[in-house]
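Using the sequences provided together with the hints, build the complete structure.
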Amino acid sequence: LAKTTQPISMDSYEGQEVNITCSHNNIATNDYITWYQQFPSQGPRFIIQGYKTKVTNEVASLFIPADRKSSTLSLPRVSLSDTAVYYCLVGGDSTGFQKLVFGTGTRLLVSP
Amino acid sequence: GAGVSQSPRYKVAKRGQDVALRCDPISGHVSLFWYQQALGQGPEFLTYFQNEAQLDKSGLPSDRFFAERPEGSVSTLKIQRTQQEDSAVYLCASMEREGPYEQYFGPGTRLTVT
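Keeping their order, the protein sequence lines are chains A and B. With the first letter of the first sequence counted as 1, position 24 gets the number 24 in the working numbering; the numbers rise by one all the way through. Positions in the second sequence are counted from 1; adding 112 to them yields the working numbering.
These are computed hints drawn from the structure, not numbers from a lab. Virtual Cβ for every residue (Gly too), placed ideally from N, Cα, C. Certain hints may be false.
[To be verified] If we take Cβ atoms under 10 Å as the criterion, some of the chain B residues that face chain A in the derived model are:
1. V116
2. F145
3. F157
4. K190
5. L203
6. A205
7. P219
8. R222
Pasting the structure below:
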């Protein structure tokens with residue numbers, strides 16, 4: 001399974017854009033990149049998923065360079081409620097999408 | 113619509129007791145997963161069902177753990193002779209079908225073994 005590396009923690013202020021970068025040097029051809037968000041006492045929640053280039057939805061953008069060895073989750077104009085742990089995962093046909101492999105994630109703290 | 117529900121939300125067991133944790137997935141979701149999350153760590157995969165078939169149980173930590181989904185909907189994770197190291201949050205997730213799709217997680221059951 002492709003291993004991911006992401007910062008342990010990040011701090012930001014309300015209204016700022018937050019970019020969390022994840023490294024996945026051993027990503028396989030069939031692997032997708034997926035980000036989940038987890039609040040205390042809740043299960044993880046899917047944020048966004050991509051394979052290459054850029055993906056955008058109503059809550060975030062995901063930037064994936066051509067070599068796909070890293071990815072960046074971009075949260076525009078964060079609010080206090082974005083304080084959470086963010087997990088970067090990779091997986092695909094060879095490893096099974098079913099077996100999500102979470103690392104320790106990035107703890108984002110948004111302050112007023 | 114209703115999401116994934118789990119019960120109980122909290123469970124305290126004395127070491128050596130058996131426990132059963134229930135998961136109600138989203139209706140119609142074919143795939144169901146169990147994860148274990150220790151404090152301060154990310155969730156770790158335990159087992160996976162496609163309908164009633166348990167296709168992957170490679171993450172179950174010991175033979176004291178087993179899971180079932182007899183009718184392809186509700187699932188139960190059972191832990192026999194609980195040990196203190198079993199204390200964790202047990203998360204259930206469901207997915208509509210196989211593939212690179214999002215998994216919907218329940219709130220988890222926090223198990224404390226004393």
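Hints and how they fare:
1. V116: 7 Å, holds
2. F145: Because about 7 Å separates B:F145 from the closest Cβ in chain A, which is inside the 10 Å limit, the hint holds.
3. F157: Holds, because the Cβ-Cβ distance from B:F157 to chain A comes to roughly 5 Å (cut-off 10 Å).
4. K190: Since the shortest Cβ distance to chain A is 20 Å, the answer is violated.
5. L203: 5 Å, holds
6. A205: 7 Å, holds
7. P219: 6 Å, holds
8. R222: Check passed: Cβ of B:R222 comes within 8 Å of chain A, closer than 10 Å.
The structure shown violates just one earlier hint, number 4.
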